[in-house]
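There are 4 protein chains.
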Amino acid sequence: MDAPADPAFAQRCRESFGRQQAMALIGAKLELVEPGYVEISLPFRADLTQQKGYVHGGILGMIADTACGYSAFSLMPAGSSIVTVEYKMNILAPGRGALVAKGEVIKPGRTLTVARAEVYADDGKHVATMLQTLMMLAETPDTP
Amino acid sequence: MDAPADPAFAQRCRESFGRQQAMALIGAKLELVEPGYVEISLPFRADLTQQKGYVHGGILGMIADTACGYSAFSLMPAGSSIVTVEYKMNILAPGRGALVAKGEVIKPGRTLTVARAEVYADDGKHVATMLQTLMMLAETPDTP
Amino acid sequence: MDAPADPAFAQRCRESFGRQQAMALIGAKLELVEPGYVEISLPFRADLTQQKGYVHGGILGMIADTACGYSAFSLMPAGSSIVTVEYKMNILAPGRGALVAKGEVIKPGRTLTVARAEVYADDGKHVATMLQTLMMLAETPDTP
Amino acid sequence: MDAPADPAFAQRCRESFGRQQAMALIGAKLELVEPGYVEISLPFRADLTQQKGYVHGGILGMIADTACGYSAFSLMPAGSSIVTVEYKMNILAPGRGALVAKGEVIKPGRTLTVARAEVYADDGKHVATMLQTLMMLAETPDTP
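First to last, the sequence lines map onto chains A, B, C and D.
Going by our numbering, the residue at position 1 of the first sequence is -1; the numbering climbs one at a time, nothing skipped.
Going by our numbering, the residue at position 73 of the second sequence is 71; the numbering climbs one at a time, nothing skipped.
Going by our numbering, the residue at position 110 of the third sequence is 108; the numbering climbs one at a time, nothing skipped.
Going by our numbering, the residue at position 109 of the fourth sequence is 107; the numbering climbs one at a time, nothing skipped.
In short, the hints are calculated from the structure, not lab data.
The structure displayed is predicted, hence computed values, not measured ones.
Hints may be right or wrong, so weigh each one.
Identical copies look the same in the list; a pair holds intra-copy or inter-copy alike.
In silico SDA-like cross-links for lysine to any residue, where the CA-CA straight-line distance does not exceed 25 Å [said to hold, decoys possible]:
| hint | residue 1 | residue 2 |
| --- | --- | --- |
| 1 | Lys100 | Gln9 |
| 2 | Lys105 | Tyr35 |
| 3 | Lys123 | Gly16 |
| 4 | Lys123 | Glu13 |
| 5 | Lys123 | Gly95 |
| 6 | Lys50 | Ile80 |
| 7 | Lys27 | Thr109 |
| 8 | Lys27 | Thr141 |
| 9 | Lys50 | Ala76 |
| 10 | Lys105 | Asp45 |
Work out the full structure, taking the sequences as your base and the hints as a guide.
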């Protein structure tokens, strides 16, 4: 992966993630931030489940979405912001137990970045795969 | 839309939705269930937001995903269960305020069903659109 | 749909379509151009088929892709160009006989536009649905 | 990748590909068939291009679609057939020159298979990435 435009990329990602109250709500943690790559962990909780007791597909989407987002954000210059344009996710297996979402930039760009995330269960099972498009907003604050 | 295979479809959907603890976690409600069509409402809460104060894209995904799912489930026979195969969502505008997700079957099928959901804000803004594929599991309990 | 930025939008779309040699190769015609909406027809030919004799899924994708593209291009200012960022298509039924792809902008934007296309067979069957993201390139020629 | 259910998988894929008249129309060749993996090549031709002289995005979709399809078909039992349920493709760079589409199964399944394809130009550029869902039709002829 290319060198990040912002040497303080990891701290910038962690601060931004820290403002995502929705991540706190579900108990997700940003475990690792490297240039163009992040990992987000999600411990199992009963209140994250769907009608059959598996982690809700939308919760899988939340951590995959966020993993794609910060993998892209890690490569962007300080002072920029990012929006999710769209994503597509295939659910490959029911989400059981603790999960990790691994997001990776596959095509960085000045305006648009394409990223991919894989979600794995703690037994190693491949639970979901996401392909996402993000847009950088130059010189736009990443705060409310 | 075709007549549902199960006359008790609405109650079956409501009971299933009631077992989705993730929907309770975010405060989503199943407002309307018709054959092949459902509406889910989501009041605004600060703990549903991302770093800029908008409703998290993954939360938009959760209600759109669930709206697609129950629109499909409403047409399925009693005793069946359903899994989300995949979905793709475009975010069209930031999610501000209370939201509603309207899910609709566009192609029912014996094995696979294709559904679409539109997410709107309470000011009428079109916030997101989702296209989803679901698979019916015949004679499979919809419980843990 | 909003008024197009370029009053000569229809002619601009037709000239651009006329340069798409791939459309000529498969025999597709641009039948209708309105602001934010186009229709492309495709007569059946045996050399467009896959192994079972239906129109190839990739050919369905070609006309749906192009219908989305020109629906978006119709709303753009003179002197701009357009690129397809991504698309997702569900195939709903085998493609038999002559087809029409109807493309429509669902969210115009300064940089990004989201469009949808529906493909129908001449017996009225809904064959495919596509959701697509496009990016405008301002002041960029739409020629080689 | 798992061992294929049909030892004659490669010949079965080649015969099926040979019946795809749309592949002949565009000049695509099935170069390699391994269990769960195939490569399709596409020499450049002017009649495959869009309005700016690049290979048409829908043509990229055709070879990616077909590469996903035969990667999945290679793992299926003799006597079965396959349909494309849906796919999503991101275009990462303009398609220039000769192309190759590399399709790979990422989750084989009894009913549904998920596959991915990457399209590269002959200068090594990553041109497109596709994520696709396919459904096996057991004991269904793969012929018209």
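Comparing the hints with the structure gives:
no., hint, result
1, Lys100 with Gln9, "within (18 Å within a copy, 37 Å between copies)"
2, Lys105 with Tyr35, "both (12 Å within a copy, 23 Å between copies)"
3, Lys123 with Gly16, "neither (28 Å within a copy, 28 Å between copies)"
4, Lys123 with Glu13, "neither (30 Å within a copy, 30 Å between copies)"
5, Lys123 with Gly95, "within (10 Å within a copy, 37 Å between copies)"
6, Lys50 with Ile80, "between (35 Å within a copy, 10 Å between copies)"
7, Lys27 with Thr109, "neither (27 Å within a copy, 33 Å between copies)"
8, Lys27 with Thr141, "within (19 Å within a copy, 29 Å between copies)"
9, Lys50 with Ala76, "between (43 Å within a copy, 16 Å between copies)"
10, Lys105 with Asp45, "neither (35 Å within a copy, 28 Å between copies)"
Comparing the model with each numbered hint stated earlier shows that hints 3, 4, 7, 10 do not hold.
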